[in-house]
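Colleague: The residues making up each chain are set out below.
There are 4 protein chains.
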Amino acid sequence: MTLGEAAEELVRLGTDFHRRGWMLGTSGNLSTVMSREPLRVAITASSIDKGRMNPRQILEVDGNGKMLQGVEGRPSAETLLHLEVIRSTGAGAVMHTHSVWTTVLSDFHHGQGGFGIEGYEMLKGLEGIQTHEHREWIPVVENSQDMAALALKAHALLAEHPKTHGLLVRRHGMYTWGKDLATAARHVEILEFLMEAVGRRQMMEPT
Amino acid sequence: MTLGEAAEELVRLGTDFHRRGWMLGTSGNLSTVMSREPLRVAITASSIDKGRMNPRQILEVDGNGKMLQGVEGRPSAETLLHLEVIRSTGAGAVMHTHSVWTTVLSDFHHGQGGFGIEGYEMLKGLEGIQTHEHREWIPVVENSQDMAALALKAHALLAEHPKTHGLLVRRHGMYTWGKDLATAARHVEILEFLMEAVGRRQMMEPT
Amino acid sequence: MTLGEAAEELVRLGTDFHRRGWMLGTSGNLSTVMSREPLRVAITASSIDKGRMNPRQILEVDGNGKMLQGVEGRPSAETLLHLEVIRSTGAGAVMHTHSVWTTVLSDFHHGQGGFGIEGYEMLKGLEGIQTHEHREWIPVVENSQDMAALALKAHALLAEHPKTHGLLVRRHGMYTWGKDLATAARHVEILEFLMEAVGRRQMMEPT
Amino acid sequence: MTLGEAAEELVRLGTDFHRRGWMLGTSGNLSTVMSREPLRVAITASSIDKGRMNPRQILEVDGNGKMLQGVEGRPSAETLLHLEVIRSTGAGAVMHTHSVWTTVLSDFHHGQGGFGIEGYEMLKGLEGIQTHEHREWIPVVENSQDMAALALKAHALLAEHPKTHGLLVRRHGMYTWGKDLATAARHVEILEFLMEAVGRRQMMEPT
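Residue numbers (this note's numbering), protein chains in the order written: chain A, 82 to 288; chain B, 82 to 288; chain C, 82 to 288; chain D, 82 to 288.
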């Protein structure tokens, strides 16, 4: 995959996610692996408006997050977290979104370190899940501006929960991933659906 | 109706339902009867992304769910449930959608085996209903990955409630149907509206 | 205004209102006065799918609701209510929509015969309102399939509340109107906004 | 910036905000500074339908709100508030929107004179905010039709809270601003997101 091909796909996804309210303002980042050996990743530049993205804002970075190619902007500090997820899970693409429901649920469930989503048919949209009789544990970590520290926390969490498909950062948003861009993008849709269902179910019988 | 004609209509509906949040990810299936004697049904292939459907993903199956024609993919296991609904109700089209509101309400009302929707003018959008003074019973069945067992349950339910226009599978979604594609698609709109109204009404005065 | 001109505008509005969830399925009707002496009204045909409207489905009726011109369908029984509103208020256009929020609020407040919307700046979008220091009383009437009876009730209500800009029919929807099509359509937007605001405000502190 | 350039941008933003439900009916106004010395501001004309805006409805006013150029309509009374914000904050653009969530929260928190939004990553989308460990105080002022009085209140508030990025008028809507149009428009998106998140979080555990 060339940087041009990656850029076209990431701009298409970013524009769509912005329209759906999952990457408003300058929030969120998307990345995809271009090659493994050596590791080369295409990622959205820092602080760009997701409603007006263009391919020049997609950058190529190496395994340390150093920029190798790109016309506009610089890599986001969150690049470190994308690289950590790629290394820990073997993912081919990582999506970091900020939706209202993930923000609200990350805060509501933070005290318990996360929450389970269980018994929903939609769980089968997550790679490797064959039945609704599955409990997906969604870890929630405290937010931090220290990305190296957050990457370490993510590393520990992914070692502890190697089968998880996503994690939330408190009052911040979601990270999810997949073997390729299409899978990672589907995971965003699936998890956003499940968060909204879990959130509204909770509102139906407030505790 | 040829497979090509059916495919065009099912792709149009699937794309619209995806946009409206009723068939996110790979969820849901749509089918329509092409002929009765012998029974030939056009149905969406298993596990396709409803946001990027194309006509090659619409397959022709016989009355046992065996694939007769099709370019991409294989029939979903849920084909059995579509065929059961077609046989039990005489429907010309079956729509299986997964929305947030049907998911939430199927869980909320599961303990009572279903719930009634009564007194709403919008009920008149359901085929054969002439007045709002109607009580539509929406049965809810427990979810299962055993589609033959689920088809049997649906068979029993439809024998018990022959006038029902839809049923919910717990934490899974809705099945509705109609004499033709336009009627079945209208039933999706009508029932989704009613579910949202019933759900929000409940939230206004939580029990 | 010719029937052709009226049809173009009503189809445009109906299609937009369907997209926004205010006239799903076959619900709702829109009308506009073509001439006063004698009274000639353009109105949507009965039971048409608002997501797929075309100009042939707009009919011309006289002051008794008798069809004078039209290609497809017949006048809705609700034509009587449109004519009553036109006569009682002098309106040039009448919009009958079915949204989730009007449906939920019509049920929630039915016991009190209506509800007040007070102190909202958005009220100034209603014709003749110059300040937010206004209390708009929204009457709610019980639903009925007897349109002559419902028209009589509306007549009495509009005599009692001559300055009201809209009324709700329980578990059914809203009627609003204006001196012309643009004003009536704006009233739909304004009242839908206010209903959602009032509904969500209620949910914030459930009684 | 010429009036023509400003008009193009304001029409584009107004049309987008209408579509997203933030400037329904005739509600809201948008403005941008064309020059500082002397002060020249482009602003939307009073009482125009935001769903059908055109560039002729954008007017040029001087520092007293007197109209200097424009084809259609006259300056809104709220021009005074725009000018006050421009002078107090040095903003290059001011956005006044009316959304459901800002309306609901302005009413809910009015008794406390405002409310804090704290600990959300999305706060970093506000100019000058580098960390989620920030408490943004959103002042709420009582609504009034006396724009000179409201401008005085805004003046006092902005002197007291010089770092605030927006303020709410009770049951009315939001004012936000930025150094240029793109920043002010981003602030609308960011604050709307935060209001919805805060509102839904409150609904999850009603007080």
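Just so you know, not all the hints are guaranteed correct.
[Stated by the list, open to error] With a straight-line cut-off of 20 Å between C-alpha atoms, the simulated SDA-like cross-links for lysine to any residue are:
1) Lys205/D with Gly195/A
2) Lys244/D with Gly209/D
3) Lys260/B with Glu86/B
4) Lys205/D with Asp130/D
5) Lys260/B with Ser128/C
6) Lys205/C with His242/D
7) Lys205/D with Met228/A
8) Lys205/D with Asp188/A
9) Lys234/A with Lys205/A
10) Lys205/C with Lys244/D
11) Lys205/B with Gly171/C
12) Lys260/B with Gly192/B
13) Lys260/B with Asp130/B
14) Lys205/A with Pro220/B
15) Lys205/B with Lys244/C
16) Lys234/B with Gly192/B
17) Lys234/D with His191/D
18) Lys234/C with Pro220/C
19) Lys244/C with Ser128/C
20) Lys205/B with Glu202/C
21) Lys205/B with Val222/B
22) Lys205/D with Lys205/A
23) Lys234/D with Ser128/C
24) Lys205/D with His242/D
25) Lys205/C with Ser128/D
Because the hints were derived from the structure by calculation, they are not lab data.
Colleague: Each hint: holds or not?
Modeller: Here is how each hint holds up against the structure:
1. The hinted pair formed by Lys205/D and Gly195/A fails the criterion: a straight-line CA distance of about 24 Å is larger than 20 Å.
2. For the hint pairing Lys244/D with Gly209/D, the CA-to-CA distance comes to about 9 Å; that is within 20 Å, so the pair holds.
3. Using a Cα cut-off of 20 Å, the hinted pair Lys260/B and Glu86/B holds, with the two alpha carbons roughly 17 Å apart.
4. As the CA atoms of Lys205/D and Asp130/D are separated by approximately 33 Å, the hinted pair breaks the 20 Å bound.
5. The suggested pairing of Lys260/B with Ser128/C holds, with an alpha-carbon distance near 16 Å, which does not exceed 20 Å.
6. Only pairs whose Cα atoms come within 20 Å are accepted, and Lys205/C paired with His242/D is rejected, the gap being roughly 30 Å.
7. About 15 Å separates the Cα atoms of Lys205/D and Met228/A, which keeps this hinted pair within 20 Å; it holds.
8. The straight-line distance between the Cα atoms of Lys205/D and Asp188/A is roughly 17 Å, inside the 20 Å bound, and the hint therefore holds.
9. Straight-line distance between C-alpha atoms of Lys234/A and Lys205/A comes to about 27 Å, which puts the hinted pair past the 20 Å bound.
10. For the proposed pair Lys205/C and Lys244/D, the alpha carbon gap of about 31 Å is over 20 Å, so the pair is violated.
11. A C-alpha spacing of about 30 Å is found between Lys205/B and Gly171/C, which places the hinted pair above 20 Å, so the restraint is violated.
12. The suggested pairing of Lys260/B with Gly192/B is violated, with an alpha-carbon distance near 31 Å, which exceeds 20 Å.
13. A threshold of 20 Å between alpha carbons decides the hint, and for Lys260/B with Asp130/B the separation of about 27 Å lies outside it, so the pair is violated.
14. For the proposed pair Lys205/A and Pro220/B, the alpha carbon gap of about 23 Å is over 20 Å, so the pair is violated.
15. A C-alpha spacing of about 31 Å is found between Lys205/B and Lys244/C, which places the hinted pair above 20 Å, so the restraint is violated.
16. With a C-alpha separation of about 16 Å, the suggested pair Lys234/B and Gly192/B falls inside the 20 Å cut-off, and the hint holds.
17. At most 20 Å may separate the alpha-carbon atoms for a hinted pair to count; Lys234/D and His191/D meet this at roughly 15 Å.
18. Between Lys234/C and Pro220/C the CA atoms are separated by roughly 11 Å; this keeps the pair inside 20 Å, and the hint holds.
19. Of the pairs offered as hints, the one joining Lys244/C and Ser128/C is violated, with about 31 Å between alpha carbons and a cut-off of 20 Å exceeded.
20. At most 20 Å may separate the alpha-carbon atoms for a hinted pair to count; Lys205/B and Glu202/C exceed this at roughly 36 Å.
21. At roughly 25 Å between alpha-carbon atoms, Lys205/B and Val222/B are farther apart than 20 Å, so this suggested pair is violated.
22. Restraint check for Lys205/D and Lys205/A: the C-alpha separation of about 35 Å exceeds 20 Å, so the hint is violated.
23. The straight-line distance between the Cα atoms of Lys234/D and Ser128/C is roughly 53 Å, outside the 20 Å bound, and the hint therefore fails.
24. About 18 Å separates the Cα atoms of Lys205/D and His242/D, which keeps this hinted pair within 20 Å; it holds.
25. For the hint pairing Lys205/C with Ser128/D, the CA-to-CA distance comes to about 10 Å; that is within 20 Å, so the pair holds.
Checked against the numbered hints listed earlier, the structure breaks hints 1, 4, 6, 9, 10, 11, 12, 13, 14, 15, 19, 20, 21, 22 and 23; every other hint is satisfied.
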